[in-house]
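**Student:** Please put together the full structure from these sequences, using the hints given.
For the protein sequence lines, the chains are A and B, in the order given. Just so we're aligned, residue 5 is where the first sequence starts under this note's numbering, counting upward by one. Just so we're aligned, residue 82 is where the second sequence starts under this note's numbering, counting upward by one.
No incorrect hints appear here.
So, partial list: chain B residues that the calculated Cβ filter (under 8 Å) puts toward chain A:
hint, residue
1, 97
2, 112
3, 130
If you are wondering where the hints come from, they were derived from the structure by calculation, not from laboratory data. Quantities reported herein were computed from a predicted structural model and do not represent experimental measurements. No residue lacks a Cβ here, since even glycine has one placed at the ideal position from N, Cα and C.
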Amino acid sequence: MNMHSNRPIYRFTPKALHIDWTLFGLLLVLICFGLIILYSASNQDMGMVIRQSMRLMFATVIMLVLAFIPPHKYKLWTPWIYGFGLFLLLAVMGMGKIGKGAQRWLDLGVFRFQPSEIMKLAVPMMAAWYFDRKSYPFNYKTLIIAAFIIFVPALLIAKQPDLGTGLIVAAAGCSVVFLAGISFRILLFLISGIALVTPFLWHMLHDYQKHRVITFLNPENDPLGTGYHIIQSKIAIGSGGAIGKGWLSGSQSHLNFLPEHATDFIFAVSGEEFGFAGSIILIMLSALIALKGIQIAHHAQTSFTRLLAASIAITFFLSAFVNIGMVMGILPVVGVPLLLVSYGGTAMVTFLSGFGILMSISTHRILFNEMR
Amino acid sequence: MFNRAVDKQQKESNIQRFRLSLLVAFLIILSGMLILRLAYLQLSQYKRYATLSLKNQMSISPIAPPRGIILDRNGIVLADNIPVYVLEIIPERVNNLDQTLNQLKSLIPSISDDDIDNFKRTRKQHRSYSSIPFKLKLTQEEVAIFASNQYRFPGVSIKARLMRYYPFGEVAAHILGYVGRMNERDLQRIDQSNYRATNFIGKTGIERYYESTLHGQVGYQQVETDVSGRTLRVISKQNPKSGAKLYLTIDAQLQKAAHEAMKGNRGAVVVMSANKGEILALVSAPSFDPNHFVNGISNKNYNALANAPDKPLFNRAVRGLYPPASTVKPFVAIAGLEKGYITPSETIYDPGWYQLPGIQHKFRDWKRRGHGVIGLKKAITVSCDTYFYQLANKMGIASIEDIYMQFGFGQLTHVDLLEETSGIIPSPEWKKRSRGAIWYPGDTLITAIGQGFTLTTPLQLANATVSLGLHGKRFRPHLLDRAIYDDGTNQIYKTMEEYPIQLKDNKIWDIVSEAMKSVVMDKAGTGHRFGRDASYSVAAKTGTAQVFSGDQYEKKHYTDIPEALRDHSLFIAYAPVDHPQVAIAVLVENHFIASAIARKVLDEYFKFNQPIKQTT
Numbered sequence: 005m006n007m008h009s010n011r012p013i014y015r016f017t018p019k020a021l022h023i024d025w026t027l028f029g030l031l032l033v034l035i036c037f038g039l040i041i042l043y044s045a046s047n048q049d050m051g052m053v054i055r056q057s058m059r060l061m062f063a064t065v066i067m068l069v070l071a072f073i074p075p076h077k078y079k080l081w082t083p084w085i086y087g088f089g090l091f092l093l094l095a096v097m098g099m100g101k102i103g104k105g106a107q108r109w110l111d112l113g114v115f116r117f118q119p120s121e122i123m124k125l126a127v128p129m130m131a132a133w134y135f136d137r138k139s140y141p142f143n144y145k146t147l148i149i150a151a152f153i154i155f156v157p158a159l160l161i162a163k164q165p166d167l168g169t170g171l172i173v174a175a176a177g178c179s180v181v182f183l184a185g186i187s188f189r190i191l192l193f194l195i196s197g198i199a200l201v202t203p204f205l206w207h208m209l210h211d212y213q214k215h216r217v218i219t220f221l222n223p224e225n226d227p228l229g230t231g232y233h234i235i236q237s238k239i240a241i242g243s244g245g246a247i248g249k250g251w252l253s254g255s256q257s258h259l260n261f262l263p264e265h266a267t268d269f270i271f272a273v274s275g276e277e278f279g280f281a282g283s284i285i286l287i288m289l290s291a292l293i294a295l296k297g298i299q300i301a302h303h304a305q306t307s308f309t310r311l312l313a314a315s316i317a318i319t320f321f322l323s324a325f326v327n328i329g330m331v332m333g334i335l336p337v338v339g340v341p342l343l344l345v346s347y348g349g350t351a352m353v354t355f356l357s358g359f360g361i362l363m364s365i366s367t368h369r370i371l372f373n374e375m376r
Numbered sequence: 082m083f084n085r086a087v088d089k090q091q092k093e094s095n096i097q098r099f100r101l102s103l104l105v106a107f108l109i110i111l112s113g114m115l116i117l118r119l120a121y122l123q124l125s126q127y128k129r130y131a132t133l134s135l136k137n138q139m140s141i142s143p144i145a146p147p148r149g150i151i152l153d154r155n156g157i158v159l160a161d162n163i164p165v166y167v168l169e170i171i172p173e174r175v176n177n178l179d180q181t182l183n184q185l186k187s188l189i190p191s192i193s194d195d196d197i198d199n200f201k202r203t204r205k206q207h208r209s210y211s212s213i214p215f216k217l218k219l220t221q222e223e224v225a226i227f228a229s230n231q232y233r234f235p236g237v238s239i240k241a242r243l244m245r246y247y248p249f250g251e252v253a254a255h256i257l258g259y260v261g262r263m264n265e266r267d268l269q270r271i272d273q274s275n276y277r278a279t280n281f282i283g284k285t286g287i288e289r290y291y292e293s294t295l296h297g298q299v300g301y302q303q304v305e306t307d308v309s310g311r312t313l314r315v316i317s318k319q320n321p322k323s324g325a326k327l328y329l330t331i332d333a334q335l336q337k338a339a340h341e342a343m344k345g346n347r348g349a350v351v352v353m354s355a356n357k358g359e360i361l362a363l364v365s366a367p368s369f370d371p372n373h374f375v376n377g378i379s380n381k382n383y384n385a386l387a388n389a390p391d392k393p394l395f396n397r398a399v400r401g402l403y404p405p406a407s408t409v410k411p412f413v414a415i416a417g418l419e420k421g422y423i424t425p426s427e428t429i430y431d432p433g434w435y436q437l438p439g440i441q442h443k444f445r446d447w448k449r450r451g452h453g454v455i456g457l458k459k460a461i462t463v464s465c466d467t468y469f470y471q472l473a474n475k476m477g478i479a480s481i482e483d484i485y486m487q488f489g490f491g492q493l494t495h496v497d498l499l500e501e502t503s504g505i506i507p508s509p510e511w512k513k514r515s516r517g518a519i520w521y522p523g524d525t526l527i528t529a530i531g532q533g534f535t536l537t538t539p540l541q542l543a544n545a546t547v548s549l550g551l552h553g554k555r556f557r558p559h560l561l562d563r564a565i566y567d568d569g570t571n572q573i574y575k576t577m578e579e580y581p582i583q584l585k586d587n588k589i590w591d592i593v594s595e596a597m598k599s600v601v602m603d604k605a606g607t608g609h610r611f612g613r614d615a616s617y618s619v620a621a622k623t624g625t626a627q628v629f630s631g632d633q634y635e636k637k638h639y640t641d642i643p644e645a646l647r648d649h650s651l652f653i654a655y656a657p658v659d660h661p662q663v664a665i666a667v668l669v670e671n672h673f674i675a676s677a678i679a680r681k682v683l684d685e686y687f688k689f690n691q692p693i694k695q696t697t
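**Tutor:** Structure representation (structure tokens):
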């Protein structure tokens, strides 16, 4: 057996599909719960539920296809995907169409596409790829290059302006750096560095972004603007109580007091209608899915797959955390959807693709003795 | 070597796995934070948010801006806002709406079935959680009765609202128009967010034309309300911006006099200042009381008004189309003089009829025996038809059409009322297009005496008379003088000067005005009913529009003719002759007293405005 072969040899998996059934099952439960909430949040618009189901099916097919591709291929393609994503980001700056006052979309004729979505996966992939090549312990040069890999796209996205996605991309990259084994001394140093540049970053924010942060700090100050959203969503959740007002009978969302109740604020609908019991299930499901991802990372055999798997899992959880935290008024309003529950397709496709990669990592296992 | 590499890899993956466990801890901490927050909101603060959610439904309510008031040129109020008590209902808060309405009706006897019908209609146009007016204008006593029974009616409350009131009633109804409750069609022509608290909208007249100026900008307040809809506490407030105050060019005193003078007749009076196109009075008779529309007119009363044979809702001054009759003769004379078809000294012989060469038909003069030898001045003074027949035959229809166009007959004056219609100046092309018939030479003759197809509005006549007095200067007539906005800015109506009529020889104006002066002053003048004893000089022209042409009535005394078939009388004038200050057009349907009415109105004008004496 050629031990120095470039191609790792995988154990033949007898199953035709590369599905991690635990992960798949958890996702399915979350998706079904999401559709039930959406039916109520959309004011019982079956059309919206059907459209959402179509998107979910499309995204699931992509997930299963991506699960089929063995991880070493991803490793091989990583620099290309990253480079392509970066190129698209720059293209969007040049000729992006204005969508909702922000330059995020690239019109490909057939459909409109957000390059920032690619970066949610491409940045942690690139960071994992980079650290996979470097050996522990890491010197400062390695860290500086890693910082460029992460923050150049993250800042480009935040500048679009899409603060929410920018933060998620940065968080996905940073989680890789943390997991790769950066020393706590450097970590402390970096955190104090971030604290120092924060005032500088504040000036880079758009007015509406600044406004959101200010409103978050003092929502009662601005009852007709963004603060109004937070107040209304807190009322919706709080009035749900322990078991909620019942499916389809949340007055806050059905009388339109709750803004964006089918998209970004959908968690408030479930809070109002299913109460503490229903909301805790949503939070637990998100956490369990992420934990399953971390478990896959734990069993992963290469640095690249381990870092990537953990990063995808934690990024998924972080976006859920940012969304739920925003809706409950402990984080600023940044426009991050609740994955697999909020109405809308782009982020959902991205993360189900990510889970496809996770399944690929989980189901393609290198025989250890063959590696020796 | 090999083992060291494997060891290193092993060490690296051990570090990474340790970090993974840190990540799990991090994840659990974050989940814990979310769950704690959730428990805080839903378990510990449940009561607070549950009440907030109940109270929430009216937490942000719009405040209607006070509608701008309308005044006359001297600051006399023509349209005012008066505070009234209104019984309002929020349908969402009411358990059994029909039962509640019936109970309210038995509690307050002045509530009629019309009120209930009206409410049911307006309800469909509002959101169910907004407050909808049910009964307007409650008396003090009714307010007291309801207040002591309020506990029985959740969702019903008494609000103090401003309501439109027109102190002059029917005197200025056709100028001001009226406001009424908004309907589906109104909703389509407005910015709905700005009308969230508004129940009334301008339907006709000035109220409609200047709706956006009069309405103002909606305000908002965030209020805490209890279950029955009473405001407990105003949390924050953004005041509305009230609508602009409009000063009209109308002189309320003169308007009233003109309205009185027209009493009992059908017709219109338009008085214009011979200065910048200002309309001083605009009367259409009979009229109606616009206050009925504000209160919400019942279907029965509305149909009675709309279908009345006298058509009180119809604005005759700007919408009524009438043949101008002999009032056009001075204008035709101007064209004839300008183009050299006639001179002031030339005379013709009038046997009482005119015949076109080669045609048997006799075009009759109004005076059967004829006027004999007659020149231009006398032809205008006695309104000789034959003179103008022969002039028309020389000039041809194109010249007549041209002079009518120049003076604005048959065209929109673009006055600030949406009700205006244009009228007709006939021409061979027009007749072919609209009637599919060819133009006969006889059509030219009757067009020159303002009969036939020519149709004008009283406003067009008044505006043309201004131009006659001002030697061809033309203005766009208007009712708005200035608007004063909420922030104190004063916007004055920009006078639009139209393209003037220029004559080769300015003496022509004097020739015509001399002739028009003798219409009143000459013993044979047709304007004798105006009277020769006025304290000011007048240049005038009368007209008699035939409603029914036919020999059967020609010899009869007018009282023997059915009223609806009697001739309309017209009168145009400007005064004083040398320095025109004012112009008037009067039209009275089926009655001859236009000149006498004009006299009353002009007397009223000069009672307060001294004629400027020309000093030489």
